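Novice: Go by the hints and put chain B onto chain A.
Protein sequence lines, in the order shown, are assigned to chains A and B. For the first sequence, the numbering used here gives the first residue as 33, with consecutive numbering after it. For the second sequence, the numbering used here gives the first residue as 33, with consecutive numbering after it.
Bear in mind the hints are in silico, worked out from the structure with no lab data behind them. Computed from a predicted structure; not experimentally measured. Check the hints yourself; a few may be wrong.
It does not matter which identical chain is used: a pair holds within one copy or between any two.
Keeping only pairs whose Cα atoms sit at most 27 Å apart, straight-line, the calculated DSS-like set for lysine-lysine is [unchecked claim]:
id	residue 1	residue 2
1	K176	K116
2	K148	K196
3	K196	K227
4	K227	K201
5	K111	K91
6	K104	K148
7	K90	K148
8	K137	K91
9	K84	K196
10	K148	K91
There are 2 protein chains.
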Amino acid sequence: MNFNYPNGKRYIPKGTVTETKVKKQSNHSYSNRGMTLEEDLNETNEYYRERKIAVIHKKPTPVQIVQVDYPKRSAAVIKEAYFKQASTTDYNGVYKGKYIDFEAKETANTTSFPLKNFHQHQIDHMQEVVSQGGICFVILRFSKQEQVYLLQAHHLLSFWDRMKNGGRKSITKEEIEQIGILIPLGFQPRIDYIKIIDTLFHF
Amino acid sequence: MNFNYPNGKRYIPKGTVTETKVKKQSNHSYSNRGMTLEEDLNETNEYYRERKIAVIHKKPTPVQIVQVDYPKRSAAVIKEAYFKQASTTDYNGVYKGKYIDFEAKETANTTSFPLKNFHQHQIDHMQEVVSQGGICFVILRFSKQEQVYLLQAHHLLSFWDRMKNGGRKSITKEEIEQIGILIPLGFQPRIDYIKIIDTLFHF
Chain A
33 MNFNYPNGKR YIPKGTVTET KVKKQSNHSY SNRGMTLEED LNETNEYYRE RKIAVIHKKP
93 TPVQIVQVDY PKRSAAVIKE AYFKQASTTD YNGVYKGKYI DFEAKETANT TSFPLKNFHQ
153 HQIDHMQEVV SQGGICFVIL RFSKQEQVYL LQAHHLLSFW DRMKNGGRKS ITKEEIEQIG
213 ILIPLGFQPR IDYIKIIDTL FHF
Chain B
33 MNFNYPNGKR YIPKGTVTET KVKKQSNHSY SNRGMTLEED LNETNEYYRE RKIAVIHKKP
93 TPVQIVQVDY PKRSAAVIKE AYFKQASTTD YNGVYKGKYI DFEAKETANT TSFPLKNFHQ
153 HQIDHMQEVV SQGGICFVIL RFSKQEQVYL LQAHHLLSFW DRMKNGGRKS ITKEEIEQIG
213 ILIPLGFQPR IDYIKIIDTL FHF
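So here's chain A without its partners, still in its complex pose (with noise of 0.2 Å):
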């Protein structure tokens, strides 16, 4: 039971059968955790907020609710419902009374990184963040190599750029590795990116 986002992105429900299923089936070797990006980063955000570091939260999906049962006694069963498209990015939060937001993506290439990974609304809601000052980046995830990398917004809004002016549909991995920041792994956090904003805002 795979089912895809708009985006064709797979969508791994909590809590179900089919999620054991498919983490042993994309079991990157990844420190040996088998551990989604996006669960690093939901350890990491705890990590941030027990600690008083961040308080850093991945938005809900965003879902279109049709039809709803509410019978007695119990709780309220959503019969059917669709995804949606988000209009924002997945994270954000506060560090240190500024606004953070990013977006996190993987790719199981080794020499680029597909633009597809993105749609205009996010790319539209970066540049938005940026004009109002917000601290804005993505996390680039290489699930083959095992390397994590920041990537400031406003360089992906130049590449986004790039291919809206007939250039390539990718950022090389030679650009990120220039112009990205390699985000070392570790054990807790597991990917401690406010070290890296940290390092590169001065605070």
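Specialist: Coordinates of chain B only, in the frame set by chain A:
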């Protein structure tokens, strides 16, 4: 077909016959537009975004997805899902680089605002945001009087503590008039809370 969130709040699905019906039932005279507080805030946020004043979004309703059908040649259909309690407030975003976070609630009461409109997770989240230097508040609407107040989170937290220490389970209207700030209602934007933030924080 009415159904409630776990907290007893009525859920109004978008784009269904039910919505129109529910709206008519609760048709508050509020500028005779029959708008809910959520709709007014969504339009206000759209106004802010279009004019590049601020980038604030409502978070999607959190849903626990249990079963999804993936028919060929058409969109995935969620067949079984449940409403989850939100772990954060409903609205957040960025204004001049600063993190903005708020919850909006309304009451039909005229002399006090019941604290049961909030739940512990939201209170904890507001405490975390305040500690992290974010701008955090609640927008409280007295529907019968058509009055909307902005109350800073640290005040709400004090009232919550008072309740936890055996005090009253609501904030009196007088208290809100004293320490909250009345937001004048307009046409565009409808609930200009950013103007209040400017006044409070001298941006």
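Novice: When Cα atoms must be at most 27 Å apart, do K137 and K91 count as within-copy, between-copy, both, or neither?
Specialist: both (15 Å within a copy, 20 Å between copies)
Novice: With 27 Å as the alpha-carbon cut-off, assign the pair K176 and K116 to within, between, both or neither.
Specialist: Neither: 29 Å inside a copy, 35 Å across copies.
Novice: At 27 Å max between alpha carbons, let me know whether K148 reaches K196 within a copy, between copies, both or neither.
Specialist: within (12 Å within a copy, 50 Å between copies)
Novice: How would you label the pair K90, K148 (within, between, both, or neither) given a Cα cut-off of 27 Å?
Specialist: Cα proximity of K90 and K148: in one copy and across copies (21 Å, 26 Å).
Novice: At most 27 Å between alpha carbons: which applies to K111 and K91, within, between, both or neither?
Specialist: both (22 Å within a copy, 21 Å between copies)
Novice: Give the relationship of K148 and K91 under a CA distance limit of 27 Å: within one copy only, between copies only, both, or neither.
Specialist: Intra 21 Å, inter 24 Å, cutoff 27 Å: intra and inter.
Novice: Checking an output row: K84 and K196, CA cutoff 27 Å. Within, between, both or neither?
Specialist: This pair counts as between: shortest inter-copy Cα distance 23 Å, intra-copy 41 Å.
Novice: How would you classify K196 and K227 at a CA-CA limit of 27 Å: within, between, both, or neither?
Specialist: Neither way: K196 and K227 sit 33 Å apart in one copy and 37 Å across, limit 27 Å.
Novice: For the identical chains here, do K104 and K148 meet the 27 Å Cα criterion within one copy, between copies, both, or neither?
Specialist: between (45 Å within a copy, 22 Å between copies)
Novice: For the identical chains here, do K227 and K201 meet the 27 Å Cα criterion within one copy, between copies, both, or neither?
Specialist: Neither. Shortest intra-copy (30 Å) and inter-copy (42 Å) distances fail the 27 Å Cα cut-off.
Consistency note: the structure conflicts with the earlier hints numbered 1, 3 and 4.
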